[in-house]
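Enquirer: Chain B: place on chain A using the hints.
Chains as they are written, first to last, in the UniProt record's numbering: chain A, 1 to 453; chain B, 1 to 453.
Take every hint as true, because none was put in to throw you off.
Copies of the same chain look alike in the list, so a pair counts if it works inside one copy or between any two.
With a straight-line cut-off of 27 Å between C-alpha atoms, the simulated BS3-like cross-links for lysine-lysine are:
1) K325 <-> K266
2) K266 <-> K369
3) K47 <-> K108
4) K325 <-> K369
5) K362 <-> K325
6) K186 <-> K108
7) K18 <-> K139
8) K144 <-> K170
9) K144 <-> K108
FYI, nobody ran anything at the bench for these hints, they're computed from the structure.
Quick caveat, the model's predicted, so the values are computed rather than measured.
2 protein chains.
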Amino acid sequence: MIVCKFGGTSVASAEQIKKVANIVKSNPERKIVAVSAPGKRSSDDIKVTDLLIDLANTVMMKGNVEEKIRAVVNRYRDIADELGLDNLISDIIEQDIRGRVAEDYTNKEIFLDNIKASGEDNNAKLIACYFNAIGMAAKYVSPKDRLILNDIPERTYALPEAYENLSVLKDTEEIIVFPGFFGYTKEGILRTFDRGGSDITGSILASAVGADLYENFTDVDCVFAANPKVVNDPVDIKEISYREMRELSYAGFSVFHDEALMPVYKQGIPVNIKNTNNPTAPGTRILPTRTQSNRPVTGISADSGFSILYVSKYLMNREVGFGRKLLQIIEEENISYEHTPSGLDDISVIMRSSQLTPEIEKRIMHRVKNELCADDVQFSHNFSMIVIVGEGMRHNTGLAARAAAAISGTGANIEMINQGSSEVSLVFGVRSEFENQILKGLYEEFFAAIPTA
Amino acid sequence: MIVCKFGGTSVASAEQIKKVANIVKSNPERKIVAVSAPGKRSSDDIKVTDLLIDLANTVMMKGNVEEKIRAVVNRYRDIADELGLDNLISDIIEQDIRGRVAEDYTNKEIFLDNIKASGEDNNAKLIACYFNAIGMAAKYVSPKDRLILNDIPERTYALPEAYENLSVLKDTEEIIVFPGFFGYTKEGILRTFDRGGSDITGSILASAVGADLYENFTDVDCVFAANPKVVNDPVDIKEISYREMRELSYAGFSVFHDEALMPVYKQGIPVNIKNTNNPTAPGTRILPTRTQSNRPVTGISADSGFSILYVSKYLMNREVGFGRKLLQIIEEENISYEHTPSGLDDISVIMRSSQLTPEIEKRIMHRVKNELCADDVQFSHNFSMIVIVGEGMRHNTGLAARAAAAISGTGANIEMINQGSSEVSLVFGVRSEFENQILKGLYEEFFAAIPTA
Numbered sequence: 001m002i003v004c005k006f007g008g009t010s011v012a013s014a015e016q017i018k019k020v021a022n023i024v025k026s027n028p029e030r031k032i033v034a035v036s037a038p039g040k041r042s043s044d045d046i047k048v049t050d051l052l053i054d055l056a057n058t059v060m061m062k063g064n065v066e067e068k069i070r071a072v073v074n075r076y077r078d079i080a081d082e083l084g085l086d087n088l089i090s091d092i093i094e095q096d097i098r099g100r101v102a103e104d105y106t107n108k109e110i111f112l113d114n115i116k117a118s119g120e121d122n123n124a125k126l127i128a129c130y131f132n133a134i135g136m137a138a139k140y141v142s143p144k145d146r147l148i149l150n151d152i153p154e155r156t157y158a159l160p161e162a163y164e165n166l167s168v169l170k171d172t173e174e175i176i177v178f179p180g181f182f183g184y185t186k187e188g189i190l191r192t193f194d195r196g197g198s199d200i201t202g203s204i205l206a207s208a209v210g211a212d213l214y215e216n217f218t219d220v221d222c223v224f225a226a227n228p229k230v231v232n233d234p235v236d237i238k239e240i241s242y243r244e245m246r247e248l249s250y251a252g253f254s255v256f257h258d259e260a261l262m263p264v265y266k267q268g269i270p271v272n273i274k275n276t277n278n279p280t281a282p283g284t285r286i287l288p289t290r291t292q293s294n295r296p297v298t299g300i301s302a303d304s305g306f307s308i309l310y311v312s313k314y315l316m317n318r319e320v321g322f323g324r325k326l327l328q329i330i331e332e333e334n335i336s337y338e339h340t341p342s343g344l345d346d347i348s349v350i351m352r353s354s355q356l357t358p359e360i361e362k363r364i365m366h367r368v369k370n371e372l373c374a375d376d377v378q379f380s381h382n383f384s385m386i387v388i389v390g391e392g393m394r395h396n397t398g399l400a401a402r403a404a405a406a407i408s409g410t411g412a413n414i415e416m417i418n419q420g421s422s423e424v425s426l427v428f429g430v431r432s433e434f435e436n437q438i439l440k441g442l443y444e445e446f447f448a449a450i451p452t453a
Numbered sequence: 001m002i003v004c005k006f007g008g009t010s011v012a013s014a015e016q017i018k019k020v021a022n023i024v025k026s027n028p029e030r031k032i033v034a035v036s037a038p039g040k041r042s043s044d045d046i047k048v049t050d051l052l053i054d055l056a057n058t059v060m061m062k063g064n065v066e067e068k069i070r071a072v073v074n075r076y077r078d079i080a081d082e083l084g085l086d087n088l089i090s091d092i093i094e095q096d097i098r099g100r101v102a103e104d105y106t107n108k109e110i111f112l113d114n115i116k117a118s119g120e121d122n123n124a125k126l127i128a129c130y131f132n133a134i135g136m137a138a139k140y141v142s143p144k145d146r147l148i149l150n151d152i153p154e155r156t157y158a159l160p161e162a163y164e165n166l167s168v169l170k171d172t173e174e175i176i177v178f179p180g181f182f183g184y185t186k187e188g189i190l191r192t193f194d195r196g197g198s199d200i201t202g203s204i205l206a207s208a209v210g211a212d213l214y215e216n217f218t219d220v221d222c223v224f225a226a227n228p229k230v231v232n233d234p235v236d237i238k239e240i241s242y243r244e245m246r247e248l249s250y251a252g253f254s255v256f257h258d259e260a261l262m263p264v265y266k267q268g269i270p271v272n273i274k275n276t277n278n279p280t281a282p283g284t285r286i287l288p289t290r291t292q293s294n295r296p297v298t299g300i301s302a303d304s305g306f307s308i309l310y311v312s313k314y315l316m317n318r319e320v321g322f323g324r325k326l327l328q329i330i331e332e333e334n335i336s337y338e339h340t341p342s343g344l345d346d347i348s349v350i351m352r353s354s355q356l357t358p359e360i361e362k363r364i365m366h367r368v369k370n371e372l373c374a375d376d377v378q379f380s381h382n383f384s385m386i387v388i389v390g391e392g393m394r395h396n397t398g399l400a401a402r403a404a405a406a407i408s409g410t411g412a413n414i415e416m417i418n419q420g421s422s423e424v425s426l427v428f429g430v431r432s433e434f435e436n437q438i439l440k441g442l443y444e445e446f447f448a449a450i451p452t453a
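Next comes chain A alone, as it looks inside the complex (with noise of 0.2 Å):
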C-alpha cells in the first residue's frame, strides 16, 4: 500500500486535481490520499489558506465578512465547476465555512485553526467527490475521533492513539482522501501542525497503517544538493538517508520537513519525493539507508539569523559544572540552542537570534556575570551556518580540509567549526554576509567536478 501527500499547487486548480486523479488511478497500490488546501496557481495567486487567515480576521475585527466568504468559497466553485461536478460539493463547502464563521471566537486561536483547517479539510471532500465523478471509488475520511492530537497549548503532536485509531484504514477498499494539516484532541477541539503540516498528516498515516512507501507530490522534479536560488543549477539528489535528510532540512532545506520524517523513520518507511506536474521523474527517495554514491557529500545547506553568545573566564576548565550553569541559565529563558564550541577559557553559545530580545540578552549576560563570576560576557549576531551533509563523509579523511579551504577561498573567515558528533554532517558557523558566497564555493568544490551520480 502507498500513501500520497499532494501539496497546495498539486491541488491548486481543476488541471492539477485531475493530475492527481490520473497519478492516483495509475497504480492500485495508492489507496490513501492526504491532501493539502488550494496552493497557489501562478506566482501572484494568493493561497487558499491566506484567504481563510484573512476570513477568520475580518470576522474577529467584525470587518466585511461576507466579501471574504465569497472569494473563499469561489474558488472551491470555480474548481469543482470546472472539474464538471454539480452544485452540491460547493454548497457543502459553502455551509461548512458560514458554520465555522458563526462559532464563538472567545479563544482566538481555537476560532483561527477552526477556519483555517477548513482548507484542507473542504478540499478532501471536493477531491473524494471527483473521484467517485470519473469512476474511481473514494471516500473522504475525517481527521475527527482518529487524528488524536495533545491538548493546548503544548506544541502539537499526534499522540499514540492516533496511530491505532488510523491504523483500520489499511484494510480500505476505496480510496481515501484525508485532508493534512489538522486533527483533533480528545475534547474534540480542532487544532493545526505548527509546521509542514500537510506532510506530517502523511507521515502519520503511512506510519499507522505500514504502507510499503510514501510519497509526496509537490511541484520540484527533486531535493536539490544545494539551493537553486543561491547556486546556479545544482544537481539532483536521487537517493538520501533519513540523517541525511534531517540535518539537511534542518538548515535551510524547505522541500520536506524534518518534523514530517519522524512517523516513517520509526517504521523504516522510503519516502519519494514526486512532482505532480512531472510523475514520470523518479524524484528522491528518501531512505534508511542508502546505496553509496560517488561523492561524500550528499547536499549543502545553509541558514541565516544565529547568534553566539560568548563567556570566557581564566581557568573556566577547572571549574566542574561551568557549562552545565550556562546552559541552565540559557534553558531558564526557555532559549534552546544549536552548539557550545569551547575553548580552555570560553565557550560560546550558538542559538537561533528570533528567541532573543534586548531585554533577554541583558538578562543573560547580568546573571552570568554575576553568577558564574565571568571575566566577560557578549552576544553578537547575523551569522549563518553552512552544513555540509553525506553519509559518505564519515570515512573521508580530506573532507574537512577541502570543506575549509574552499570557504577560505571565498575571503570569509570560519568563525566556527563543529565536527565530532554527528558522522554524517559538518556545520561552519560564518558571518551571514558571506553565506550565498560561501555554499557557492562548496557547490563548487564538492559537486561542480563530478558527474551526476
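Expert: Positioned in the frame of chain A, the structure of chain B alone reads:
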C-alpha cells in the same frame, strides 16, 4: 624587583648552586629567590623528592628508616661540602628531617606532605647559607604564617591573606631565599601544591610583591614551538602571550604549568623562562600581549588519554535541556569534560580517560539511556587532542583549512574539530596512534618553511 625561581636541576648540585649565585648576583634587582628541592644531577640520578617519598613510605611501613634518612641527608651534606660550608647547615638539615620523621603519621597525607616539603625547605636554608658565605646578604624565609593555604581536602590554593602577608617582602634589603612547593593552612598544617609546585610559589611571590618580572630558571634555553621529542629541532618561542601559553600547557606542554600562570596573569607581570646553564640566552618571555611575528601559529601541542561519550537521540535538538541534563549526569560523577561537539541529533562529550572506570562508564550509560531516553550511548577511548595555538590565528582565514589538510595528509581521520570560542586556538581530536605523525605534519606545515621570527 625581580622574583626568580630555580627548578630542581638548577639546584641539584654544588656546581649548579654556584651558577644560581652568579645569576642572582649579576642583577641587584633579583631580590627574591624561590627554590626547588635538589633534582637529578644526571638522567639516572634520583631526585631528593623521590628519596623523601621513599623515606616517608618506609616510616609508615616500619622499614629500615635510618638508611633512608642517611640517603637524603648525604645529598645535602655532599652539596654543602662541595660549596665549602661547615657542618652546621648539614646538621640543621639532618635534625629537621629526623624531627619530621618522628611525627605522628595517623594522617598519611599530612605526614607525607611534611616529609616531601622538607626537600625544598632545607634546600632554601642551604642556599641562603651559601649566599651569605660568599658575601651575598641573604636570608631564608619560611612559608609558615606567610603563604597561607586553604584547608584539606580541597585542591590546594593560596588564600588572599597569603598575598597580603608576603607583600611586605618587597621592602627587603637582603636577598630572600624562599622554598617552593608548599605553604601552611591557618591552623599551621603543611600542605603542598598539586602540580607545578615551585612555579606556583614563585608566581605567588612575584604577584604579592608586585615584581617587575618573574624569572623562571630551568634547564632549557626556551620553550619550543613543538615537543622536541617528537619534532626534530623545533624553533624556539621568543615571545608568547599568557593565553597562548595557557592553551599550550593544557595539552602536553610541560615547561610551565598553567596554574602557575594565574597569580602573575592577574597582575600582568611578565614571565621569562630561562636556562640556568646558559643564562645569557634570552629565553622565552610570557607577556600579557606580544608583538606580532610573521607566523600565525605560535606552538602546537598534543596530549593523549581522552575518551569520548557519544549520545544520540532522534529529534534531540527539539528537546530543551537535553545537553544540560547530560552534563549534569557527568557532573554528578564528578567528572570534568573538555569539549561537547554536537550534531542535530547527537552530542559527544570529550573527557580525560583517567577519570573513568568501567563502573563509572556503565553508570553513566545506564543513566543516559534511562533518564534521557537516548537511542544510542557509547564510550570510545584512545583519543588525543592536538592544539594549535597562536594570537595570529584570529584573522588568518585559511588556517583551519591548512591544518586540516596537513592532518589528512598523514592519512589520519579527524574525529573532532573544535573551533569557535577561543580565537587563539584550534583543537583537533584524533586517534592516539596518529598523534606523533600529526604533530610532525602540522609542524612541517606551519613552521618548517618559515625562517625563525
